[in-house]
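Q: The chain contents come next:
There are 2 protein chains.
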Amino acid sequence: MADLHIQINRDKGGIAGQIASELRESIRGGRLTPGTRLPATRDLATDLQVSRGVVVEAYEQLVAEGFLVSRVGVGTQVTPKAPARPAARQKVAPRPTPARPNAPVCAPFYGHRPTSPDLSHFPRERWLAAVRHVLTTVPSEALDYGDPGGVPELREELAGYLRRVRAADVRPENLIIVGGVAQGLSLVLHVLSRQRPLRLAVEDPTSHRQVPLLRRAGAHLVPVPVDEEGLDVRRLSGDAVLVTPAHQYPTGVVLSPPRRAALMEWAYAGNRAILEDDYDAEFRFDRDPVGCLQGLAPDRVILSGSVSKAMAPGLRLGWVAAPPDLAEAVRRARGELDLGSPVIEQYALAHFLRTGGYDKHLRRMRREYRRRRDALVRALAEELPEIRVKGIDAGLHVYLELPDGWDELRTTRAAQELGLSTEPVAPMRDSPGSAAVVVGFARLPAHKAFEAVRGLKVSMSGQNVD
Amino acid sequence: MADLHIQINRDKGGIAGQIASELRESIRGGRLTPGTRLPATRDLATDLQVSRGVVVEAYEQLVAEGFLVSRVGVGTQVTPKAPARPAARQKVAPRPTPARPNAPVCAPFYGHRPTSPDLSHFPRERWLAAVRHVLTTVPSEALDYGDPGGVPELREELAGYLRRVRAADVRPENLIIVGGVAQGLSLVLHVLSRQRPLRLAVEDPTSHRQVPLLRRAGAHLVPVPVDEEGLDVRRLSGDAVLVTPAHQYPTGVVLSPPRRAALMEWAYAGNRAILEDDYDAEFRFDRDPVGCLQGLAPDRVILSGSVSKAMAPGLRLGWVAAPPDLAEAVRRARGELDLGSPVIEQYALAHFLRTGGYDKHLRRMRREYRRRRDALVRALAEELPEIRVKGIDAGLHVYLELPDGWDELRTTRAAQELGLSTEPVAPMRDSPGSAAVVVGFARLPAHKAFEAVRGLKVSMSGQNVD
Chain A
949 MADLHIQINR DKGGIAGQIA SELRESIRGG RLTPGTRLPA TRDLATDLQV
999 SRGVVVEAYE QLVAEGFLVS RVGVGTQVTP KAPARPAARQ KVAPRPTPAR
1049 PNAPVCAPFY GHRPTSPDLS HFPRERWLAA VRHVLTTVPS EALDYGDPGG
1099 VPELREELAG YLRRVRAADV RPENLIIVGG VAQGLSLVLH VLSRQRPLRL
1149 AVEDPTSHRQ VPLLRRAGAH LVPVPVDEEG LDVRRLSGDA VLVTPAHQYP
1199 TGVVLSPPRR AALMEWAYAG NRAILEDDYD AEFRFDRDPV GCLQGLAPDR
1249 VILSGSVSKA MAPGLRLGWV AAPPDLAEAV RRARGELDLG SPVIEQYALA
1299 HFLRTGGYDK HLRRMRREYR RRRDALVRAL AEELPEIRVK GIDAGLHVYL
1349 ELPDGWDELR TTRAAQELGL STEPVAPMRD SPGSAAVVVG FARLPAHKAF
1399 EAVRGLKVSM SGQNVD
Chain B
949 MADLHIQINR DKGGIAGQIA SELRESIRGG RLTPGTRLPA TRDLATDLQV
999 SRGVVVEAYE QLVAEGFLVS RVGVGTQVTP KAPARPAARQ KVAPRPTPAR
1049 PNAPVCAPFY GHRPTSPDLS HFPRERWLAA VRHVLTTVPS EALDYGDPGG
1099 VPELREELAG YLRRVRAADV RPENLIIVGG VAQGLSLVLH VLSRQRPLRL
1149 AVEDPTSHRQ VPLLRRAGAH LVPVPVDEEG LDVRRLSGDA VLVTPAHQYP
1199 TGVVLSPPRR AALMEWAYAG NRAILEDDYD AEFRFDRDPV GCLQGLAPDR
1249 VILSGSVSKA MAPGLRLGWV AAPPDLAEAV RRARGELDLG SPVIEQYALA
1299 HFLRTGGYDK HLRRMRREYR RRRDALVRAL AEELPEIRVK GIDAGLHVYL
1349 ELPDGWDELR TTRAAQELGL STEPVAPMRD SPGSAAVVVG FARLPAHKAF
1399 EAVRGLKVSM SGQNVD
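Chains as they are written, first to last, in my numbering: chain A, 949 to 1414; chain B, 949 to 1414.
Isolated chain A (complex conformation):
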């Protein structure tokens, strides 16, 4: 555990910033070396006589900047040595933070993800045509302050789409257009936790990126383990649950029919809410689509989805489907928070859906991603049979259970060096399972899969010799 010498000037304000600044300098100057564990926030707060929240903020800041990594059960440590991220992205969108000696193993809190789609296939021309259609046809009034719940035409189109493709039970008035699933969850949790503290059950493991979001929105998290059938409903507790039933993140497991039934029972028995994150329902390869839970229990389930995987995360367009009262509360919250999403691209998406452009793009990408997945899975089976590959039925990533002796951080680093979009899996609670990583294949062309997997094999066998 590091012994920290941090000086605070209490007259200056911005205590968290001062702590972060001191730590940053210590890491830069080499006084805190890669891998060093930092004191628990509670202990450091006591030492410095500041509130714990201040230390948490300082740590989170440095995690975001990549100086620290934080893993539940392990604590916070100085980021172990690792490769830099691809140069091209840094040129386009330079990180505002100064150059770092070490790059993060865990991704920063924004930027590329293993589940990011292949954006070189974004339908630029057809999207431009949709925007052109909007700008030559919408009445001027449409550009004024609008309904914070979203453009009516888009809600109409989306309701039809979700009924058709996801077997959802939605009407336009149940839908709120939002800036993606993150905002959808933020708003719903904000509304649900306004009256009383909300204990939210979350799948464990889950997307580590969502954890700060859920907490900021006012939820107290209750991790519930995931097994081969998905969320273990018998061990569920809390006032609400957040699930990814169609394709659990990160394990890729599908919630089994008995578990779906049990989850419904749980919700009805205690008047509890189910938050359903339908994050990659569009990409399903080997089996019939699993309809969303919302279609079974529209009065209990709040469905969130977005075009981030199907189109591009940068569009920041998504939706929430909720029972009428909650939908209205979410719409009001949106109206009192930011007045709603930009309208031109909402109209453009409505046009894109109505004219079939969305379906066409999805069909094309589904074929392409299937090819890429097949190539990666085949390469792994042939070159690294000691890895158990899971969760391949759907989505844009595979879940790899690592053999004994493989560490998820080193594996991630090795895979990242080869250009693979990889993240370590970090359960919130200690679990007896194998170490695991997630590898996204959306940007790995089929013809490069073998080369990448062979590279990983070489790299890991080299490391194991060390």
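Hints may contain errors.
Just so you know, same-sequence chains aren't split out, so a pair can sit in one copy or run between any two.
Mimicking SDA-like on lysine to any residue, the simulated pairs with C-alpha atoms at most 25 Å apart in a straight line are [what the hints assert, rightly or not]:
1) 1308 - 1084
2) 960 - 1185
3) 1338 - 1376
4) 960 - 1212
5) 1308 - 1083
Since the hints were made in silico from the structure, they are not lab data.
Model the placement of chain B on the given structure of chain A, informed by the hints.
A: Just chain B now, kept in the frame of chain A:
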């Protein structure tokens, strides 16, 4: 559905133009009445034995001219008379409050405002060109999950713009791109009130729409009166203050130089924050621009602004300029709330700023709004000299102090019936001042000002006789 009698001279060429011309004359001559639905393009093309594209072209031409409106799911119809809002929106998203016998006096919590710009002048073609530029030039990576603080190119352009036009003291890293001033304030207050309850001083009277937003973001409001010099700084209390120094809303008063100095003193004496809403700084008619407060005290003032008045509220694009620590906290909050604003239109605005399109549009609109303001002020002076007209130096509205016997609610209703964009002024605390209303002039063409004011005169004298 309209039964159209359209005669085409096939020898003449320009068939689309001929169809448009016939339709235009039918609308002008009253044969096609407002609200009439036109046949589907496919049907009309069959009737006329022309290709469908020709009919589409004719319709789009008339939509561009404002004779027709076209809405997804509804089709094309003759533009309804002075529609407050499209009927379709009301159907999809009914106001949650029960129906009221009288037309709304206070506006609903969304929709048109007296400060809304004239959106028929929105630079549709040039904006489309900017979007086209973006979609043909940005790298794919730019469409991925981005920096929640905003696209670097836009922060760069905006920092330059704000330094040049508003004498702001900002660098790109102080700027966070947000979905308008509402979101800017929400985020800043969320961050400021996270550690402890925040008592926020607000101008009284203020924009009644902001009150629920400020409260939802966690602020306890402390109203402080506004007089002829702006906010009465001597009566200020709280941990922070929200001000509109360049043109107070609704009174239109400019914060006087001594008050500006006193406000700074107040902020520095108690380590307090000033939230500056620069909501219509672009439209200044009769005097030199007043630089923003932020330029004087960048470590104390948090500046918010948007393109809602200069371009369109529906773009939902704005910014927050804050001291580094706070800017970073706001950026993080954004990253944990909704992951940032859509990127394509951020790049488009950067391009629009860089290529001078923004300045050009503003110059044009400033001239036009000045004409409209002059016409309204002249008409009021001649027809209703008993009204005191204030706050006319800048912005898109005037503040009218009503004579004895005029009630602000009845006046508002009468003005709204005449199509004037009007709101009653409702101080948070009882004040001895006159009843007052705000009238927006952005959408009142100069040649209609006299007619509107005369209408108001007749209407109010009629009511006073009652």
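Q: Please go over all the hints and tell whether each is borne out by the structure.
A: Hints and how they fare:
{"no.": "1", "hint": "1308 - 1084", "in the structure": "both (24 Å within a copy, 21 Å between copies)"}
{"no.": "2", "hint": "960 - 1185", "in the structure": "between (44 Å within a copy, 22 Å between copies)"}
{"no.": "3", "hint": "1338 - 1376", "in the structure": "within (20 Å within a copy, 61 Å between copies)"}
{"no.": "4", "hint": "960 - 1212", "in the structure": "between (53 Å within a copy, 18 Å between copies)"}
{"no.": "5", "hint": "1308 - 1083", "in the structure": "both (23 Å within a copy, 20 Å between copies)"}
Checked against the numbered hints above, the structure breaks none of them.
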